[in-house]
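2 protein chains.
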Amino acid sequence: MAKDVFKVLKKSKYSKARAGILFTAHGPVETPVFMPVGTQATVKSLTTDMLKEAGVQVLLGNTYHLSLRPGAELLKEFGGLHSFMNWDKPVLTDSGGYQVFSLSNMRKITQEGVSFKSHLDGSKKFFTPEKVIDLQRSFKSDIMMPLDVCSPYPCEREKVLLDMNITHKWERAAGEYWRKNTMNQLLFGIVQGGMYKDLREISAREIVQMDFPGYAIGGLSVGEPVDIMEEYISFTVDFLPEDKPRYLMGVGLPENLEFAIRKGVDMFDCVAPTRLARHGHVFTKEGKKNIRNKEFFDDKKPIDLECRCYTCKYYSRAYLRHLFVAKEILAMVLMSYHNIYYVTSLVKEIRGSILAET
Amino acid sequence: MAKDVFKVLKKSKYSKARAGILFTAHGPVETPVFMPVGTQATVKSLTTDMLKEAGVQVLLGNTYHLSLRPGAELLKEFGGLHSFMNWDKPVLTDSGGYQVFSLSNMRKITQEGVSFKSHLDGSKKFFTPEKVIDLQRSFKSDIMMPLDVCSPYPCEREKVLLDMNITHKWERAAGEYWRKNTMNQLLFGIVQGGMYKDLREISAREIVQMDFPGYAIGGLSVGEPVDIMEEYISFTVDFLPEDKPRYLMGVGLPENLEFAIRKGVDMFDCVAPTRLARHGHVFTKEGKKNIRNKEFFDDKKPIDLECRCYTCKYYSRAYLRHLFVAKEILAMVLMSYHNIYYVTSLVKEIRGSILAET
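Same order as they appear, the protein sequences are chains A and B.
Each residue of the first sequence is one higher than the one before, counting from 1083 in the working numbering.
Each residue of the second sequence is one higher than the one before, counting from 1083 in the working numbering.
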């Protein structure tokens, strides 16, 4: 089955970019694709109708957050994350590992898994490769991710090596556990190895050998300079098989998307479009703008002159600035919508140009 | 012109309720009608598309807030509040008086007007009856309200009398100023007089003599017990002409609406539906519910079993409770939408039953 879930429709003649289709239990996903992040069973401030209108095909959910609140039991009772949050298209969930390391207290890694305290109430939790698969089974995620250890930046080689080896062990365990009962859910492998090319190569080769239906590049966009990120995207992607989807985790700024697609990446997720919007930053063809700026006080133009989103069709920069300055919730709704629409449309446009060979 | 803007289509046989149509520069309004409050050029958390979907016919804007931010100049540049906030249906704006007395510092009333300091930056402002009309002309409001003094509750007779007399003076001045150039904007008179029946009667007779296209009952819903409010609604409304629209200011809870419509009131505004929603309180046929309650943790039912709004169609109490507990913006969006839809539909239903004579 692992070979049939992805189809490359066209490879660009001008770069390593490709346009494809990923088949999931909740329908096909046209790649390249950007996945907005719905941390707590909601893409912050947007209804699922708005997400569909914005052209979103697949959402990302955070296993760490969802397992703490509302909890896997409730999601299971609801028949999964989809029906709980009123989203009938595909969902990818991460393993929760990343948040364990960035949010929780008192985390302790052993060969078996990671113990930690909930950032919400301090209660003790324990994630193992198998448990994280079970959680994602309760969520009925279309694409699951295995527990891994994402090394920080900068990080000593020795620690990156340790993180990587434990990641490999956990991914192998996750893969074996998953194969016993896949239930139409895909499991992707994750490449780690920090900013060490030899480790990246070892990690990629090891993970690819485990034969997952797709592969993710982890451990990037963790604070490193953009040129280093780009170097490691280019370097790592070449070790991933051409006939499998490639997912670059945590990257989603317009400029980074364009670069990574050219290097052959198919999938992206990032909180930036919505988080930036909530802080007044909006994407435009002329770069990022801060809606708070005084110059927009009486500006009747839309955020982006060419954008066709609801926000740009009906609202001016001056109005959005007013809402933002007045701390109105609608500012966040309208600007989040624009940023999601913008990134989604950008990726769709690039896909179009790959298919049209332009 | 004052006589042609309102038409009573049907009077109930069972109460003083009536169904009518109010004609404005931005189209007709079917009465009775509930007007959501869009304080700062937005009904908090909702897009104007959502408001239309919820069946909203007319919005209320706050002159005090709008004049401070974004300011009348900017709204004038945009051709009015409608195009600024993307709302092409009718708008009613209040006079700003109420907020001057509840929000601003250092207010001082003279016969000419009220001086006060902005609650935003402390800058000195001065409202006169004429200035407040000019502000609302900049906004291009369909229905304007004259500057008045709303007595608090409880309040000594002597102060209520003073407030009332200055209100009458200001309304007369506003009326004269408005008649010089109505520009398709209606001006309603406001009855004050606190909780003193003789003063209420004097105020109503005096204001009605000034011959406005509509009349408002002010000075209620200011902290008095419900039975007193109801008593003064019933008492005051009978002094208002039958052929003019009657607007009860600041009232909008489902139970109060039903009462007031039966007494012959046609128009309402209130922040409660959206403010309550932002605090987790939602309207249902079984009364108000607090979505935060533990009992809703795994409740798969919609907020209200009969409600047909987007929120009730697609989202469960459990999901909304989760969003609210997790402090997600979408909780406010979805619950505000429900409460606005609920009140709007309730009033529409009552109108239907008046027309159907049931």
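Treat the hints as calculated values from the structure; they're not laboratory data.
Where hints are given, some of them may not hold.
Note that the list lumps identical chains together, so a pair holds whenever it fits in one copy or between two copies.
To be verified - Simulated crosslink set (PhoX-like; lysine-lysine; CA at most 20 Å straight-line): (1) K1382 x K1158; (2) K1430 x K1095; (3) K1134 x K1171; (4) K1092 x K1206; (5) K1409 x K1126; (6) K1092 x K1383; (7) K1395 x K1134; (8) K1093 x K1376; (9) K1262 x K1092.
Hint by hint, here is what the structure shows:
Within a single copy, K1382 and K1158 get their C-alpha atoms only as close as 48 Å, which misses the 20 Å cut-off; across copies the closest is 13 Å, which meets it. Taking the closest pair of Cα atoms, K1430 and K1095 come within 20 Å of each other only inside a single copy of the chain (18 Å); across copies the shortest separation is 61 Å, beyond that limit. Proximity of K1134 and K1171 under a CA criterion of 20 Å is satisfied intra-copy only: 9 Å inside one chain copy versus 27 Å between copies. In this assembly of identical chains, K1092 and K1206 lie within 20 Å of each other by CA distance neither inside one copy nor across copies; the values are 48 Å within and 66 Å between.
For the homomeric pair K1409 and K1126, the shortest alpha-carbon distances inside one copy (16 Å) and between copies (10 Å) are both at most 20 Å. Taking identical chains as interchangeable, the C-alpha atoms of K1092 and K1383 are never at most 20 Å apart, the minima being 38 Å within one chain and 46 Å between chains. In this assembly of identical chains, the alpha carbons of K1395 and K1134 lie at most 20 Å apart whether taken from the same copy (17 Å) or from different copies (17 Å). In this assembly of identical chains, K1093 and K1376 lie within 20 Å of each other by CA distance neither inside one copy nor across copies; the values are 45 Å within and 53 Å between.
Taking the closest pair of Cα atoms, K1262 and K1092 never come within 20 Å of each other, the shortest separation being 33 Å inside a single copy and 70 Å across copies.
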